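Q: For reference, the chains in residue letters:
Protein chains: 4
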Amino acid sequence: MVGGGPGAFIGAVHRMAARLDDRFELVAACLSSDPERSRTAALDLHIAPERAYGNFREMASTEPGKADGIDVVSIVTPNHLHYAVAKAFLEAGINVMCEKPLTTTLQDALDLVEVARRRRLIFGLAHNYTGYPMVRQARQMLAEREIGDVRVVQVEYTQEWLATPIEKTGQKQAVWRTDPLQSGPAGCLGDIGSHAFNLACFVTGLKCQEVAADLSTIVPNRRVDDNVQVLLRFESGARGMLWTSQVAVGNQNNLRLRIYGDRAGIEWSQEEPDCLWFSALGKPPMMIHRSGPAANAAAAHASRLPAGHPEGYIEAFAQLYSDLAEQICARQAARPADSSALLLPDIRDGVEGMRFISAALESSQRNSAWISVT
Amino acid sequence: MVGGGPGAFIGAVHRMAARLDDRFELVAACLSSDPERSRTAALDLHIAPERAYGNFREMASTEPGKADGIDVVSIVTPNHLHYAVAKAFLEAGINVMCEKPLTTTLQDALDLVEVARRRRLIFGLAHNYTGYPMVRQARQMLAEREIGDVRVVQVEYTQEWLATPIEKTGQKQAVWRTDPLQSGPAGCLGDIGSHAFNLACFVTGLKCQEVAADLSTIVPNRRVDDNVQVLLRFESGARGMLWTSQVAVGNQNNLRLRIYGDRAGIEWSQEEPDCLWFSALGKPPMMIHRSGPAANAAAAHASRLPAGHPEGYIEAFAQLYSDLAEQICARQAARPADSSALLLPDIRDGVEGMRFISAALESSQRNSAWISVT
Amino acid sequence: MVGGGPGAFIGAVHRMAARLDDRFELVAACLSSDPERSRTAALDLHIAPERAYGNFREMASTEPGKADGIDVVSIVTPNHLHYAVAKAFLEAGINVMCEKPLTTTLQDALDLVEVARRRRLIFGLAHNYTGYPMVRQARQMLAEREIGDVRVVQVEYTQEWLATPIEKTGQKQAVWRTDPLQSGPAGCLGDIGSHAFNLACFVTGLKCQEVAADLSTIVPNRRVDDNVQVLLRFESGARGMLWTSQVAVGNQNNLRLRIYGDRAGIEWSQEEPDCLWFSALGKPPMMIHRSGPAANAAAAHASRLPAGHPEGYIEAFAQLYSDLAEQICARQAARPADSSALLLPDIRDGVEGMRFISAALESSQRNSAWISVT
Amino acid sequence: MVGGGPGAFIGAVHRMAARLDDRFELVAACLSSDPERSRTAALDLHIAPERAYGNFREMASTEPGKADGIDVVSIVTPNHLHYAVAKAFLEAGINVMCEKPLTTTLQDALDLVEVARRRRLIFGLAHNYTGYPMVRQARQMLAEREIGDVRVVQVEYTQEWLATPIEKTGQKQAVWRTDPLQSGPAGCLGDIGSHAFNLACFVTGLKCQEVAADLSTIVPNRRVDDNVQVLLRFESGARGMLWTSQVAVGNQNNLRLRIYGDRAGIEWSQEEPDCLWFSALGKPPMMIHRSGPAANAAAAHASRLPAGHPEGYIEAFAQLYSDLAEQICARQAARPADSSALLLPDIRDGVEGMRFISAALESSQRNSAWISVT
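Each protein sequence line maps, in turn, to chains C, H, G and V.
Just so you know, the first sequence maps onto residues 0 to 373 in numbering that gives the first Met the number 0.
Just so you know, the second sequence maps onto residues 0 to 373 in numbering that gives the first Met the number 0.
Just so you know, the third sequence maps onto residues 0 to 373 in numbering that gives the first Met the number 0.
Just so you know, the fourth sequence maps onto residues 0 to 373 in numbering that gives the first Met the number 0.
Honestly, the hints are just simulated from the structure, not real lab data.
Keep in mind that this is a model prediction, so the values were computed, not measured.
Treat each hint with caution, since some may be false.
Since the list can't tell identical chains apart, any single copy or any two copies may satisfy a pair.
Claimed, not checked - Derived EDC-like pairs: lysine to aspartate or glutamate, alpha-carbon spacing no greater than 20 Å straight-line:
no.	residue 1	residue 2
1	K167	D261
2	K282	E266
3	K282	E209
4	K206	E145
5	K65	E49
6	K167	D70
7	K282	E145
8	K282	E270
9	K282	E234
10	K171	D337
11	K206	E270
12	K86	E270
13	K171	E24
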């Protein structure tokens, strides 16, 4: 693991997620950009002292030489470091699980694609919401045409935690996320809007063709956007909207997707992840539960418990790690991986996300003109 | 009443609404454009034969001469007739309650404003969703700054009933609503999008400055839009989105409003009209019930029953008629009307609605360019 | 109308309900036990002075002699007067719509049955919750065996308004409802528990065989029960529970019914009356909307509006009056009434309710021993 | 771990729960009553061969002699084995985490209490629902008198999975749970009713004084109860009801608790575990989220993630293991344990559960007579 030291949020989540299904052990880490804090933090996590690295380049150069060297590195640093860290480990021949957004520029993203391709490595991207069973259920239902031709896609991801200028108080999460040097030029758009975009594409299997975006900075003096509204046009002709905000008071982590086709409509909300509303034309709406009647194979693959026993954020995140483990084991055994495990978002999804962010930024600079995503 | 004969939907609603609070009696009508059907239908409603008119002009010219002539006419015809009917009754000195949209062109709308002003008549517009107690509650809360400065307004009004080309089957409601000659150039946008726009403006008290719209005709060969996505910018700087659709399978009559300010966020849904979610910054979300704790004077004015005894669509509609009755009585008694009754939407709201429709149509024709609403 | 003067709640509801569907006109009344207040109140409701009666016996003796005498009397007095008023009007040959509970003793109830039978009159009982479309839907579904054999019936009706001793403050509704001389020996049990019992029987069509009840008086010094828990055994072998309370803080008017059979389970809640949850064995739960897909004929009979346009308490109450109108018209025309209109609860339901109340009171006095209801 | 081999449900849950917070490692096991299957299963879990035991007595006698012997044994066998296994490990000086019900007879339960007391060992009981943050939140709110004096307690735990005689199909979970020799004399009552009872007592801190129960066997020829309705009286005078069923079609794992006091009411549902409804007298209901505003210290202790990031069943279960770890560490370090960790249900809760089961069985045999629980 690189990043994820004291005070970080997502690093601890990655560790729980990797542990839950008993497929990974954390054996080496560089948890902080400060070498001393990095080593101390690693020892707290029971990592052997010689694998508690002071900087990530040392880790990338050392681990490949070990008999029990790491199979994969988790990159959980602030955004601006993703590129350098990922490149170092890829060049060292190590698989990667990287936080999103992939990089802070499309250029860097494309460079990583090239490296990963050349080294033939597995590159998972932590679009963790795709790990939810009912998201997978929805994807399969779309693929099997239960919704029919998609006509409208409405997606939103809203939070409230930046409704006041808490970055001024030194809150660590807020400080780096509102600093363009660490987060990149996109604020809310990159931090959570990219998840919303990814989710819509993951479930529908559609390509977004162009966007018309209106980015706002609601809180005075904030240096990045904190509220973003986007019109979407898909290659298939479907239309959509994406709203993402970090100033929507009363919204905790409201990622919500609604898709309407000519046969049915579906609705899923991250805060009630175990159920999926499905409304077929001319039939009453039904609520499909994870592991309940009408749950499909994709949902089953990502479930651990019977219906009525809630699974949540950690379990969905763990699914990405389980899928990653399956891919690594399959490659090591030179066998094809279980096809369900191939749903793990990868570097191509990262590039798509970067294209979306770039296009939305450009559109907003051009007063919401339609800008191509492809 | 003009319009609202056999097979009509909204005419019967107006009659129940007018009757509920015992402030009006239906005594004269021209219920159909076919004189014979008009008279027959009127007799079925126990209207005296001499006031069962065969055409609306005759009614407009006859009623003013009666000692017990009508106080107000309800106009519930297809959209393209609103202008001519309203003008005839206004010129005859009769108050009007008119269905929305006010007219089919902005030009006509402005003309009616002139006539109504000149004749000093009351002109209510049936933006019936403003009659819901919790919509009034929200409006008062906004006015009293409980939400603070409005930052974001998300409104949607979605239905499913036009997901298939049912106008081809001769379904009467669908036929006229998808015929530009009867409904005007806007389809879904005018039919229900105008309600959504009105609701957002009614509750926030904000003026919309410009819109960027993407109108779609999803069902092949339909002659009007059936899915509309709009970005909104308000004069205050607030941003918003409006989505309206009549092809959203699984949505019955989903009118939903969310408003976020720097102090709080609120959420209201027409299908659960008796409650309002209110989330103040740093406090848990609370659900305010009509007639329950924290219900305010505006809600009380529009309520008939204690909390837990659901009120619905007819009651909200009835509120418009009760407010209209109060305005008429006040004018007849030469006293000021109860200020709560002044919330009845009027011809100015109708003009605002026409401006919104015009701007959205133009924006969509210009590939979603921002177009001024004012 | 007898009862329902100033300060009363249910009288005004009856008037709105009778008016909504345009089947009744209020032409005579004795609205208060105080003759002067009675007459004044009647004039306020535009009743002709000669039919603004000072006492109900005068009204019962006068009305039958009029050419346009009343077709039906609505009895909305406190409970202890139901018997005398109903008897007077029945003996005068006038149909009755009576509030529940039918009387305050089983003896009186049986006497009314005898009079009504002898005079061959229509006697509607205001178990108004049976007027909800989705309650009717559920009843039909049960009758058509969509739930299969009923196994378990859980019903509850809970409120919070008596959580404090507000009868001490003089609040009129609370004063008479907590006074055994006016309400009868049962408090919460008779006031709302009887509705819950009726609803369970109405929907299932089952007879309750015996009850084991635990009545409590939670608020000190209150003179009647305010929280009641009852075990139910039905003749068919089905088991159930009934909970009714007026001290359940946070509950407004929470009447809720759940029924489980060997084929399916259903759930309905009065505060969201337009939908019915239906879960068939091995299928996902579905939400059936009034007027939506899967709504049946019984629901359609009791609906006025399309799905998504909420109907509520007044509309359900109005259904009882519409069914009463149909029964009266049918009898006047010597034709059979529309079978849907026969769902109007009648005096036999009132007797069943009295039997339930008597049995529950006796059970509680005997430390929750099982007591026969039949 | 003893029990929890292939086909078992709860054993795998215990393993995930123990692993999630990184406080335990599974190093020894006897996973099946069949020695061979036991060893094979252990190897699949990466347990060293010499600690893959063929029977639990061997494990209990061997482990204490090891330098790295187990700190605690998890007992996840069918109910009838809890007693013998627990006794063996307690006598060997090993702490225990045991599935509920504690034993199959009250006598056995009291014997275990004696052994545990004598050996001064920690004995955790897997009433896992007490590990949910919002259950802990509710308990603290009750303790701090935010609800005031408790008046009414309504608890239910309902499932559908035994609505048909699936034990006849050989389904492993159903077979042992409906076999009195393996599950004890109580079926649904012991399996899930005991959780409901425990939850009510845990949150309120009240002692139940007596019960009046009606046990039913709904599915023909089933050998244990599958639907149970119980009236409750608490020592404080509070009243309550408990309903538990495994034939309630449409219910997955519906554990739900509602408590009403003189100051407020609360409501919690296991299927939406991250929120708690709180209704204070005279205030609108509010929804308290885990980690959101108004979340208290008890909730924080049991939370891992910010609000809006759902936690579920595994996390709640993991909390018990984390609390157990803290108690063990504290004892090893001869320091007092963190007081929050003392909320782990223990053997006394197990005895209370056995008393409840015994009393309910006796009551039902005596036609629902009130039977003392103490």
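Q: To test your reading of the hints: which numbers does this structure violate?
A: 3, 6, 9, 10, 11, 12 and 13
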